[in-house]
Amino acid sequence: MNAVSSGVPPTGDGPLLRVRGLTKHFPGVLANDSISFDVFPGEVHALLGENGAGKSTLVKCIYGYYRRDAGEILIDGFAADLRTPQEARRRRIGMVFQNLTLIPALTVVENVALFLPDLPIVMDLPAIAGELEALGDRYHLRVDPWAHVQDLSIGQQQKAELLKLLLGQARILILDEPTRVLAPHEVEGLFQVLAHLAADGLAVIFITHKLNEVLQGADRITVLRQGRVAGRLSRAEATEDKLLRLMFERDFSSLSIDRPATGASADRPILELRGVATEAHGATIALRQIDLKIHPGEIVGVAGVSGNGQRELGDVILGDLACARGSKWLYGKNVTHAAVGEMRRDGVGFIPEDPLTMAVVPMLSVLENIAVTRTDRYALEGGLRMDWRAVRLDAEDAMQQLGFSFSLAGPARSLSGGNLQRMVIVRELSHDPQLIIASYITRGLDAQSARAAQRALLQARARGAAVLLISEDLEEIFLLSDRLVVLYGGRIVGRFRPEETGAVAVGRLMTGSQGENGRAD
Amino acid sequence: MAEPTDRRAPAGPRRILNGGLRYAAMAALAFVLFGVILRLAGKDPLQAYRDIFTSTLGSAYGISEVFVTMTPLLLTALAVALPSRLGLINVGGEGQLYMGALLATWAALRFSHLPSWLLLPMMIVLGMIGGGLWAVPAGYLRAKGIVNETITTLLLNVVAPSIVAFFVFGFWHSPMDTNKTPNFVPAARLPTLFGTRVDLSLVIGVGLLALFWFVMTRTRWGLEMRSIGGNPWASRRNGIPVQRYIVGVMVVAGGLAGLAGMAQVSGYYGVLLANFSRGLGYMGFLVSWLAGGSPLGILVTSFVVAVILTGGNLLQLTRDVPYSVINILLAMTLFVVLARPRFQRRRKTA
Numbered sequence: 001m002n003a004v005s006s007g008v009p010p011t012g013d014g015p016l017l018r019v020r021g022l023t024k025h026f027p028g029v030l031a032n033d034s035i036s037f038d039v040f041p042g043e044v045h046a047l048l049g050e051n052g053a054g055k056s057t058l059v060k061c062i063y064g065y066y067r068r069d070a071g072e073i074l075i076d077g078f079a080a081d082l083r084t085p086q087e088a089r090r091r092r093i094g095m096v097f098q099n100l101t102l103i104p105a106l107t108v109v110e111n112v113a114l115f116l117p118d119l120p121i122v123m124d125l126p127a128i129a130g131e132l133e134a135l136g137d138r139y140h141l142r143v144d145p146w147a148h149v150q151d152l153s154i155g156q157q158q159k160a161e162l163l164k165l166l167l168g169q170a171r172i173l174i175l176d177e178p179t180r181v182l183a184p185h186e187v188e189g190l191f192q193v194l195a196h197l198a199a200d201g202l203a204v205i206f207i208t209h210k211l212n213e214v215l216q217g218a219d220r221i222t223v224l225r226q227g228r229v230a231g232r233l234s235r236a237e238a239t240e241d242k243l244l245r246l247m248f249e250r251d252f253s254s255l256s257i258d259r260p261a262t263g264a265s266a267d268r269p270i271l272e273l274r275g276v277a278t279e280a281h282g283a284t285i286a287l288r289q290i291d292l293k294i295h296p297g298e299i300v301g302v303a304g305v306s307g308n309g310q311r312e313l314g315d316v317i318l319g320d321l322a323c324a325r326g327s328k329w330l331y332g333k334n335v336t337h338a339a340v341g342e343m344r345r346d347g348v349g350f351i352p353e354d355p356l357t358m359a360v361v362p363m364l365s366v367l368e369n370i371a372v373t374r375t376d377r378y379a380l381e382g383g384l385r386m387d388w389r390a391v392r393l394d395a396e397d398a399m400q401q402l403g404f405s406f407s408l409a410g411p412a413r414s415l416s417g418g419n420l421q422r423m424v425i426v427r428e429l430s431h432d433p434q435l436i437i438a439s440y441i442t443r444g445l446d447a448q449s450a451r452a453a454q455r456a457l458l459q460a461r462a463r464g465a466a467v468l469l470i471s472e473d474l475e476e477i478f479l480l481s482d483r484l485v486v487l488y489g490g491r492i493v494g495r496f497r498p499e500e501t502g503a504v505a506v507g508r509l510m511t512g513s514q515g516e517n518g519r520a521d
Numbered sequence: 001m002a003e004p005t006d007r008r009a010p011a012g013p014r015r016i017l018n019g020g021l022r023y024a025a026m027a028a029l030a031f032v033l034f035g036v037i038l039r040l041a042g043k044d045p046l047q048a049y050r051d052i053f054t055s056t057l058g059s060a061y062g063i064s065e066v067f068v069t070m071t072p073l074l075l076t077a078l079a080v081a082l083p084s085r086l087g088l089i090n091v092g093g094e095g096q097l098y099m100g101a102l103l104a105t106w107a108a109l110r111f112s113h114l115p116s117w118l119l120l121p122m123m124i125v126l127g128m129i130g131g132g133l134w135a136v137p138a139g140y141l142r143a144k145g146i147v148n149e150t151i152t153t154l155l156l157n158v159v160a161p162s163i164v165a166f167f168v169f170g171f172w173h174s175p176m177d178t179n180k181t182p183n184f185v186p187a188a189r190l191p192t193l194f195g196t197r198v199d200l201s202l203v204i205g206v207g208l209l210a211l212f213w214f215v216m217t218r219t220r221w222g223l224e225m226r227s228i229g230g231n232p233w234a235s236r237r238n239g240i241p242v243q244r245y246i247v248g249v250m251v252v253a254g255g256l257a258g259l260a261g262m263a264q265v266s267g268y269y270g271v272l273l274a275n276f277s278r279g280l281g282y283m284g285f286l287v288s289w290l291a292g293g294s295p296l297g298i299l300v301t302s303f304v305v306a307v308i309l310t311g312g313n314l315l316q317l318t319r320d321v322p323y324s325v326i327n328i329l330l331a332m333t334l335f336v337v338l339a340r341p342r343f344q345r346r347r348k349t350a
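Top to bottom, those sequences are chains A and B.
For the first sequence, the positions run 1 to 521 when our numbering is used.
For the second sequence, the positions run 1 to 350 when our numbering is used.
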């Protein structure tokens, strides 16, 4: 336990890695705004922040995966122009990505051999395997070198990735959300390994948004918020409350939007989920024991770090994902096994998190895309003809109400990301849906359009529709919701009224720290 | 209201002209390459091409023979083009065609006493059912996400001719031959047109192509199918019953290939021969991909392919060139045409 205060290096040496004023723009977003931080040899350094705080972008810039716009990176005090991952590797920086990059059909030792820069033409795999085993013994990273990667658990694959980097002589190890794929007992093992590596003089940087992990495994912590450094703490100084304030604290009391009371909660709910659970496939997460009611004239916000079941929640309500357990009720009617088409005909609108893959058919025209969810409505003579005039009128009507304008002619693929999002909003709100599932509705929109989209949800609420608002923007959730729930690990872990809580309390549940302390204020 | 449909040609006639020129240039390239091969084999390519041309397009009889060859290609190409709109690759035209011929033949032999107006529709329906059923496993396994339809249809192609052979050799062969059934009664023969060997199935094929165009561009179902082909994940969330469409379209496609099989035995041969098809299903696959799945393209391409095939027959007779050489020409055409998307993409970025 080498508890040191924030500014002082844990060893006598200077920093191994210095980042000075690193700035990175993406179109429309300032992902990293002049970020500076140091990493010393022998420390485990955590980068903590909400989704979209800029953590991943920052480490990808350091690894040369993205080209930074401004700022400098110094290794051992010398400026390093890291423009590609290859250059970063030559400077002995190694990175474990969120999605592991091993080749499943090959063995561990073959994967490692592929990564070595000086691999001879005739490989000596047994020698490499021997080195792997020696390293594995040293750092408690035991993986059978001759096992095929596809037969390994995710935790073992992660160990293999680490071994790969170590054998490649990395001195700076970067791990992008390493605990996301691990079971709780594996997390503890990982932090032991990282501490061991640091004790041997390596510098370890890991990304997380979970407080307990930071407090458990990091020597120093840099907190990012909205692309900036919000604070730096050593482990000794850090407490959960301090970290939460740095991550989330904002004053929402000044926010206001015209949201008249609808006094709805007494009515029968439009949507009700009773004990709904789903099965996880591949990269998806299983929902467990979801109980949720949405009444007419009510907006229910779903707060959470994305990847905690938001996509699955939307899909299971829409009917694209089957309920493994529990039941689903729409206007008091059991729709547990209803097809997507039936749900839509019953007045469910769905704005997914990623319109390009989940809502839009790029090769069809904009007008065809608008018609395609409600072909029954626009079919003439039993489907022999389509009433394109009606489609156009409906679309123009909805566009005028929302204050959006984009071209209805031409293929959908010619629209920009923001216009695609507008098109989906127009389509999904144009038939006065009674239930609206809106995921990340303002993503990709400019401030004015974002306001228009939010106002549209409030209009729907005012005419008695039920809205499920899934968002990772707490401000948006506090602004619009009548009630809010927090989704974490596929479960609803908290229920609030926005006026009775604050961002820090919600953030505490979002980051999974409630389980540690048993608090739920 | 044509505006939502013509997504392929936003720039109008000039683009069509460009496309036409490009096609012509590619065809020319294929013919030059083939000429080089003929030259190497010691034949005179110009004379060979002249022979192909005069024997096919140079006389009314030649043209009618081209139509005869073209007829089954229309249907087997359609059996590929329709599923391709959903992103499905049906390589099983050959097997589906055999199974259609099998069921149609059963009706022709079993109900030979029935009048033509009853027997022919019955054979058509049974032919389509035979081909359609043969596509069910492929459609179902694909819809459930178990096996890719390309694999299943291809494997079933090997099975179908064996089943036909089993029935022909085992039960149905005529007293004189072992490898074919007795000749069909006149009532089981598709009527021919204008005293040529061209039969009614040409009209049916062209009619179905027109229907295909209409359904895809004008109707609700065409919109839904194009939506599935463009983005199946979005289509599911947009409420389109994707699995049902996959099975349904595979069955209809199989039925079209089965209809081609029925037309072959009822119109062209008037008898069911074991191994009668010599790859009509695969040729349909070639035609559909050359045509990019468009109905008009299928009409033109199958005509051109039919000219090459009929001309090849003649080359074999008069020029002492093996028939298989024609396959080289077809393969070259495919090769050159399949290189086309590259061209277009490069132009776009330039």
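By construction, these hints were calculated from the structure, which means they are not laboratory data.
Please note: incorrect hints may appear among the correct ones.
Stated by the list, open to error - Derived SDA-like pairs (lysine to any residue); straight-line CA-CA distance at most 20 angstroms:
1. K144(B) to R497(A)
2. K293(A) to A338(A)
3. K144(B) to A450(A)
4. K144(B) to D394(A)
5. K144(B) to L106(A)
6. K144(B) to S306(A)
7. K144(B) to E279(A)
8. K144(B) to A280(A)
9. K144(B) to L321(A)
10. K144(B) to H337(A)
11. K144(B) to H281(A)
Claimed, not checked - Reference listing, derived: stretches of chain B covered by chain A, where coverage requires no fewer than 3 residues with Cβ under 8 angstroms from a Cβ of chain A:
12. 44-53
13. 96-106
14. 235-248
To be verified - Derived Cβ-Cβ restraints for the label pairs, each shown as a range:
15. E131(A) to Y282(B): 36 to 42 angstroms
16. Y282(B) to R345(A): 57 to 63 angstroms
17. L334(B) to T101(A): 34 to 40 angstroms
18. L334(B) to E131(A): 38 to 44 angstroms
19. E279(A) to P322(B): 22 to 28 angstroms
20. S414(A) to G170(B): 56 to 62 angstroms
All C-beta atoms, glycine included, are put in the ideal place defined by N, C-alpha and C.
Numbered hints the structure breaks, given as an ascending list:
When the structure is compared with the hints, numbers 1, 3, 4, 5, 6, 12, 13, 15, 16, 18 and 19 turn out to be violated.
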